[in-house]
Amino acid sequence: MLSTLAGSLALLSGPEAIGTLILGTLLGIVLGALPGIGSTVAVAIVLPFTLGMSQAPAILLLLAVYAGSVYGGSISAILINTPGTPQSAATTFDGYPMARRGEAGRALGWATMASVAGGLVSVLLLIVAAPQLARLALNFGPIETFGLLALGLTCIVAVSSGDMVKGLIAGALGLLLATVGGDPITGTPRFTFGDFRLIAGFDLLAIVIGVFALSEVLLRVSQKLSVAHEFVSFRGIVLPRLAEWRGRLRGLAKSIALGCGIGVLPGTGAATAAFVSYAEARRSSPNAANFGQGEPDGIIASESANNAVTGGALVPTMALGIPGDAVTAVMLATLTLHGITPGVRLMQDNPTLIGAIFVGLLVINLLLLPLGMLASAMAAPLLRMREGFMLTAITLLCFVGVYFVRGNPFDLWVMVGAGIVGFLLRRQGFPMAPLVIGMVLGPTLEMTLRQGLIITNGSFWAFFASPIAATLIVIATATLCWPVLRAGRGWLAARRRA
Amino acid sequence: MTTRVERAGVTLALFLGAAALMAGIGWRDGTGMPPAFAPEFFPRIVLWLLLGLTGLGFVLEVVRGGPSGGDSAWRLARAAVLTAAMLVFAWAMMRYGFFLTAAAFSVLALPLMGLRNPLVVLAFALGLPGALVALFNHLLIMPLPTSPFGHMF
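Quick note, the sequences are listed as chains A and B, same order. Note that the working numbering numbers the first sequence so that position 106 is 106, with each residue one more than the last. Note that the working numbering numbers the second sequence so that position 37 is 37, with each residue one more than the last.
This is chain A alone, in the form it adopts within the complex (with noise of 0.2 Å):
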């Protein structure tokens, strides 16, 4: 135990990883305010720079930049009435009003301070939920590993915020995807029509990055652009007092509980966690009455909830290699372009990366207090930028990411061809998050599903003989009919009242 922290302190202690920390939390922070981006953009447009980095740094860069992203976006909230990430939307309703009253560096201090409690404690529970959790699957064979990843699957249903059918069509296309190239078994090419680029099949970063970055960008051209904002007064962050927390750490444990659990759930995401706390602080806190004029703990609610996340949803990433939403869908993509497969064994097989990644988070979180400070005047500048600069600076960045990775230029048609496919599968609204979840799973479900039928002499049914198997595969699979039944239940009804 000694020896792993020491191992992970090691780690973190070079000035690779030290150098990663700030640059990714800074970075973060300025990709997060600025609007539309977004922590999935902002981590697919620095993924394919962290390939060049050992295992430990290359994470703690992207955790780095989605923790500095999911505070980023509190910085437009409150100074351009625009949330940098869908997670700050909720910030604004507070947020801006106090900006306008010449509050905005006050306003950005609660946000600051609300965003570091609340990404602390989800570490905390990180640390202690996952290894646990971890430890509960480490006795699962290919059977058990097959109803969890099922199970993960069915994920795609909750990530599918909207339409169902949609998601599942997308985590299908994802699958199909991962089943391009040689057979893992009897090495026999699939779908490469004799075209033997596919052999290996599709570079994993060059759709993750065409489907979020490049499609974003073919999406935002299609849509009206906006030119500029209005931008209130603002002079630095100014932190509130200790006396001023009176009366509000109440509605802060609250707002982080509520964040860590909305957190843990896969597929729910920063967004709803903070609009469900802001939802609970409005009807519990003293100050009720002032909420949408500019009321601190509209921010604290908001802020604390959506960072609160951050730790959350890496529980079940972490501890069972089960993707919670796009984000965590990245990270996993990530540690598999590292050499390392996700899965209940990533904990148990790399002790120390983990703790390494522990330690990390803790410290990125402290850093959004003095970097936020820097980062929001570096930010709110850039606020000013016409959208035209930032979206052709994103697919340069694209282009540039893709080739610097392996050189081959087959990657940057495999990024604009899913580029292009994500653009008109997300103007239909199709979710994206579900084609890497089915992407990244696929492969590993299939091994599962193959290696179970290979032990039961090809019975599917033995895939029930296994409680755990069996438990699972029914959860998924009730999961997969719940929406489905409550929609029936709802034209029912409202056939009945018809």
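Don't read these hints as lab results, they were simulated from the structure. Where hints are given, some of them may not hold.
[To be verified] A short, non-exhaustive set of chain A residues, derived as facing chain B with CB atoms under 8 Å:
# : residue
1 : 399
2 : 416
3 : 425
Owing to the predicted nature of the structure, the values given are computational and were not obtained by experimental measurement. The C-beta atom is built at its ideal place from N, Cα and C for all residues, glycine as well.
Let chain A serve as the given structure and place chain B on it in line with the hints.
Positioned in the frame of chain A, the structure of chain B alone reads:
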């Protein structure tokens, strides 16, 4: 905003694509191998799933009402031109180097996104690719493709 025809069209295209792939590998396993050893076993399951889901999605799009008006033709044309520019960029980058193609791409993309000042466009189109080339080719020594006209860019 997309029209019902567009949404149904995309779902139908996915259905037809899945059907074509399924026809390519055969609707049923003809190898006689145990499922675990048949290379097409898992893809066939996924394709059946995709066929079912896209079929259901198509029916839902047809049954479900939707707005009749779509996005303006100008905005869609803007996205189409940018898509074509990205394809040309991917093709030309290996032949003419990153700097020249990225600068040309930026000169085309920035006005498409509403930036009209030629000096600003030119400064950005030369500045950002130049900075990236300087960073990758000369500082990090991880070269991006260079042009046939000179090793510096």
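May I ask which of the numbered hints given earlier this structure violates, with the numbers listed in increasing order? The structure breaks none of the hints.
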